[in-house]
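Peer 1: Below are the chains, spelled out letter by letter.
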Amino acid sequence: MERVSRAIDRLSGVTGLIAGWLIMPLIAGMCYEVIARYVFHAPTIWAYELTYLLTGAGWLLGMAYTLRQGAHIRIDVVYLNFSPRNRARVDVLGYVFLLLPFLVWLVTTLDDRALATFRSGEKTGQSAWNPPLWPFRAVFFAAFLLLTLQVIAELMRKLPLALGIGAPGSEAKR
Amino acid sequence: MAYTSLLIFPFLLTLLFLGFPVAFSMMATAAVFGYWTFGGSFVFQAMEKIEDVASNFVLAAVPLFVFMGSMLERSGIADKLFEAIHMWTRRLPGGLAVGTIIMCIVFAASSGVVGATETVVGLLAIPVMMRYRYNKELIVGTICAGGSLGTIIPPSVVAVVMGPLADVSVGDLLVGMVFPGLIMAGLYMVYILGLCIVYPQAGPRIAHAEDDPPLALKLRITAEALIPPLFMIFAVLGSIMLGWASPTEAAAIGSAGSILLTLFYRTFSWRALQEAVMKTLQITTMIMAIILGGSMMTGAFVGAGGILVAQELVNSMQLGAAGLMAIVLFLAFIAGFFLDWISIVLILVPIFTPLLKAAGVNMVWFCIALLVVIQTSYLSPPMAPAIFYFRAISPPEITTMHMYRGVIPFIVLQFITLAIMLTWPQTVLWLPAKLLVPG
Chain A
4 MERVSRAIDR LSGVTGLIAG WLIMPLIAGM CYEVIARYVF HAPTIWAYEL
54 TYLLTGAGWL LGMAYTLRQG AHIRIDVVYL NFSPRNRARV DVLGYVFLLL
104 PFLVWLVTTL DDRALATFRS GEKTGQSAWN PPLWPFRAVF FAAFLLLTLQ
154 VIAELMRKLP LALGIGAPGS EAKR
Chain B
7 MAYTSLLIFP FLLTLLFLGF PVAFSMMATA AVFGYWTFGG SFVFQAMEKI
57 EDVASNFVLA AVPLFVFMGS MLERSGIADK LFEAIHMWTR RLPGGLAVGT
107 IIMCIVFAAS SGVVGATETV VGLLAIPVMM RYRYNKELIV GTICAGGSLG
157 TIIPPSVVAV VMGPLADVSV GDLLVGMVFP GLIMAGLYMV YILGLCIVYP
207 QAGPRIAHAE DDPPLALKLR ITAEALIPPL FMIFAVLGSI MLGWASPTEA
257 AAIGSAGSIL LTLFYRTFSW RALQEAVMKT LQITTMIMAI ILGGSMMTGA
307 FVGAGGILVA QELVNSMQLG AAGLMAIVLF LAFIAGFFLD WISIVLILVP
357 IFTPLLKAAG VNMVWFCIAL LVVIQTSYLS PPMAPAIFYF RAISPPEITT
407 MHMYRGVIPF IVLQFITLAI MLTWPQTVLW LPAKLLVPG
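For the protein sequence lines, the chains are A and B, in the order given. Plus 3 on top of the position in the first sequence (first one is 1) and you've got the numbering used here. Plus 6 on top of the position in the second sequence (first one is 1) and you've got the numbering used here.
In isolation and in its complexed conformation, chain B is listed as follows (with noise of 0.2 Å):
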């Protein structure tokens, strides 16, 4: 009988919620139910699982966009970059928090996954802000969700994982996404400043300093931190966009322009290139394990019916595209709370898909709708990566409270910016009909 397929998930979760490695969990979960439906050919199929996934040309932006952003962080960017917008930022409201939210974006377009960014941004951040007496609640949603902007700004890893499992080009999502993208981040920074203007005690102005750097030089030491990295941000996203290279190539051109720039900056190191290189293997192959795990136990399901039980149960449900997309929403938000985005990416896209299809759902808007959403499940707790980084490099003043009451404005500023996204949907069709014409 074709519905104890949906057994499956019940025994997925299991084994995710008592903390098995969540790879394994897929790979043991598939092995279990094709087993049961196969019989001694699943390992047939398990192979060729494992070559389908092994020869994907678009994956292979994966580890081009991890060491991008890898070798970034080690390169010494950060404290130029910090300096330099926070001349110019440091005299608004808040000014100190919305020029974070400014290096934060600038990161987010060089680097293609969340984490270390983050770490990178708030050591140099968080200190002054404390110095300056910001409020604690603003300190930690400003580095979390000023940290986690990577997945929304492309390039984005997401949704190189995210493409080829919804049948959408990778090149597509990452255009789709610069609208949404700065969008978020720009009701960020409009958030900081009308809270610090009605509240200044929040984010103290900084009174004019007799150090005041001449414009001239102010202009040369930005110059200095901003172009380089802004060359390397439009050499990957512009060939992207005016389809001069595949996502895969322009990763490469990436990769290529971080090691170069940390020879203009004179702060390479072949122990800087060694951590890179090993901090890169291991974060792909986290991910790619999953995606291995995950498309195992896809198969798995389709060939047990899974697919046709989910739909029948769907059609019976007689939600139109509307309520289905609302459906598939909100079971990632509630997913957020409790998994990675690796998992819900790869749970909730390859069940989804057909039918969001076989609705008439435009996959591109979908997709860039998802991200948004996936955006909150680095700011919702128990399982929040971004509150999990601030932990570990923030002040003992600076409690679990904190950082839970720190990180709802944001949540709800990334509910906006969905509500936008869905509301005019041009806001995401608008650029990659325009640029990605074929021909």
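If we strip away everything but chain A, and leave its shape as in the complex, we get (with noise of 0.2 Å):
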């Protein structure tokens, strides 16, 4: 068990460092279309899709990651009181039977269509640059299941406690 969530939580770790330094392109992409449109006359015409493009990959990625550094903002004037046994509950009641059937659901169908849009080789229509869809739509895909599993994690973890099994140290081993 702690050997998975120690895994996942690697794996948002890595995919939240490229998430997050994609910023750096989207900086230098936005600088260079104003530079190329009032210095060189000759504005990109790849600019705006990029933007948008970095924007979305980087914080959908980015949610796996969040989650694990446990920045995802809660109202917690009620929370901040409860005892950590049932804060644990209200986190493994929530993941079980509210986020994660609708993540899985929304897992399963994401993948289906970002495998339609590859066959299909659908382009985002937006632009002149008019790149292939398939790409942000695997990352759509790609960003849900790493929160899938990252809530998975979470669980695990906040079972035992939820559950008041295991030995309240047991946190402290890992």
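Each hint should be verified, as a subset may be incorrect.
Stated by the list, open to error - Simulated restraints on C-beta separations:
1) A/G167 to B/I422: 45 to 55 Å
2) B/F394 to A/V17: 28 to 38 Å
3) A/V7 to B/L129: 51 to 61 Å
4) B/Q51 to A/I48: 25 to 35 Å
5) A/P104 to B/F421: 41 to 51 Å
6) B/V196 to A/G167: 19 to 29 Å
7) A/V99 to B/R272: 49 to 59 Å
8) A/G167 to B/T273: 42 to 52 Å
9) B/Q51 to A/F121: 38 to 48 Å
10) A/Y35 to B/F394: 31 to 41 Å
11) B/Q51 to A/A31: 53 to 63 Å
12) B/G366 to A/K126: 34 to 44 Å
What the hints assert, rightly or not - So the derived list for chain A, only partly shown, Cβ under 10 Å to chain B, looks like this:
13) E5
14) G61
15) L152
16) I155
If you are wondering where the hints come from, they were derived from the structure by calculation, not from laboratory data. We put the beta carbon where it would ideally sit given N, CA and C, even for glycine.
Assembly of the complex is requested from the two constituent chains, each provided in isolation within its own frame, with the hints serving as guidance.
Peer 2: Rendered as structure tokens:
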């Protein structure tokens, strides 16, 4: 159990790192576009689409990492007054009965859509650059798959506490 | 029956108050009500929402404005600014507090989110103000109110998020908030000065120091500390105002500028850059995931006929434009006690935008009024982000009661700002009309 959840943590960490640094080509691309427009009088055809592709890919792939870091904001006025065990219960119940079923539903549909887009060769149709759409849709799938895995990892860590099994110190051993 | 669609709110609020993450609460609510309304085809609607939010060019400004601020916070510019500004303000009554507000304005104008700015400024200013025996409530109010100016002083991520939802141009919002933002910050300074003139012990003047540097040196230190950040601020805001670049492009220029600034001050380090990059990812993802959850939820709500029901309810109340606007702003103020800004914006704006538009309200004006009300949400406990940040860095002598009492005058000042901009809509609408004339 612990090895699985730690492996998922590492996976989210690596994708988070990649997702985070996507901001550098984003900055560079936009600055180049402005220079190209005013200095060379020749705006690019790719800057507009590259911007939303990089931004979208960045935060989608960052969702799992952000969950791992505990950085998805909570309204914690009440939550902080709960015992650690009740906090774990809120998370476990929410994950098991609400979030996970939805994510699994979404992921199993997103992979079909990504595959179908790959086969049909559909393009984005947003600008003259018009790149193929399947890589972006593959990112949707990957991002939600990673998020699902990270939710499972969080669940494995919190389940013993929520159920009241296992020594409270078991968390410290990892 | 369409009225059942209104059950979406108690369901969502229950999840939120139990402390389930906001983004996931909204996604779960969307899934439950979407499945109820659309059955199995809801998943396709949800996928469309992912595609919409992920392909939004305007929202690309979010990570860029966040990065710009994160990088500056790690650049060590704060120390230089603090020193430079206080050389000029320290002999005023309450001078340290006034200088702190000025520093907060500079930071707010170079950062899109509220957050770490308060920590950076607070770590510098609190110990000095404590040493000079400033009134503790005044210290809290100054740092909390000043540190949360980032929303109302452009650039502002809140405006970037609000614009597409309210169907107004982000450029109009960023330009329209210039005067309300400056009015608010100005009121803070006038209040501090006034308080310290009437009660000199609240912010004692600092006696003329022997080591007061000669004027030429003072000017040089100031120029060195102030000109580069001001140059960057004008590059970003100026190019938006003059229509040279879209807000997204201006944000990219600002991000590049923030890196160049650290090189200029020789404070660049790969570690700081890495920290800024990963902090930016976390904040951006947190915001974007909530926008995604919120837009899924709005989709389910609209599909279940919720907007029509809301419209009927509001029409039956015969409110008129002013009454409707008052209700939305009041709801936002109340929500601000418990909810964070993203939840407030994502819940209220999509529901009320069609109603407000039908009533003929100017949406730019409304959005800025909502931004001003959102300012209060940072300060109003129990869910008061500004106080949480303060608590993390406050000395033990400052108690929670000092904090709660300290922010109240500043909340009043925020309402005075609101009253000013509601009474004279030109404070908002004049500048965009002047600058952003098409063609």
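Peer 1: State for each hint whether it applies.
Peer 2: Going down the list of hints, with the structure as the test:
{"no.": "1", "hint": "A/G167 to B/I422: 45 to 55 Å", "verdict": "53 Å, holds"}
{"no.": "2", "hint": "B/F394 to A/V17: 28 to 38 Å", "verdict": "31 Å, holds"}
{"no.": "3", "hint": "A/V7 to B/L129: 51 to 61 Å", "verdict": "40 Å, violated"}
{"no.": "4", "hint": "B/Q51 to A/I48: 25 to 35 Å", "verdict": "32 Å, holds"}
{"no.": "5", "hint": "A/P104 to B/F421: 41 to 51 Å", "verdict": "44 Å, holds"}
{"no.": "6", "hint": "B/V196 to A/G167: 19 to 29 Å", "verdict": "57 Å, violated"}
{"no.": "7", "hint": "A/V99 to B/R272: 49 to 59 Å", "verdict": "52 Å, holds"}
{"no.": "8", "hint": "A/G167 to B/T273: 42 to 52 Å", "verdict": "50 Å, holds"}
{"no.": "9", "hint": "B/Q51 to A/F121: 38 to 48 Å", "verdict": "22 Å, violated"}
{"no.": "10", "hint": "A/Y35 to B/F394: 31 to 41 Å", "verdict": "40 Å, holds"}
{"no.": "11", "hint": "B/Q51 to A/A31: 53 to 63 Å", "verdict": "35 Å, violated"}
{"no.": "12", "hint": "B/G366 to A/K126: 34 to 44 Å", "verdict": "41 Å, holds"}
{"no.": "13", "hint": "E5", "verdict": "23 Å, violated"}
{"no.": "14", "hint": "G61", "verdict": "6 Å, holds"}
{"no.": "15", "hint": "L152", "verdict": "15 Å, violated"}
{"no.": "16", "hint": "I155", "verdict": "14 Å, violated"}
Of the numbered hints given earlier, the model fails hints 3, 6, 9, 11, 13, 15 and 16; all others are met.
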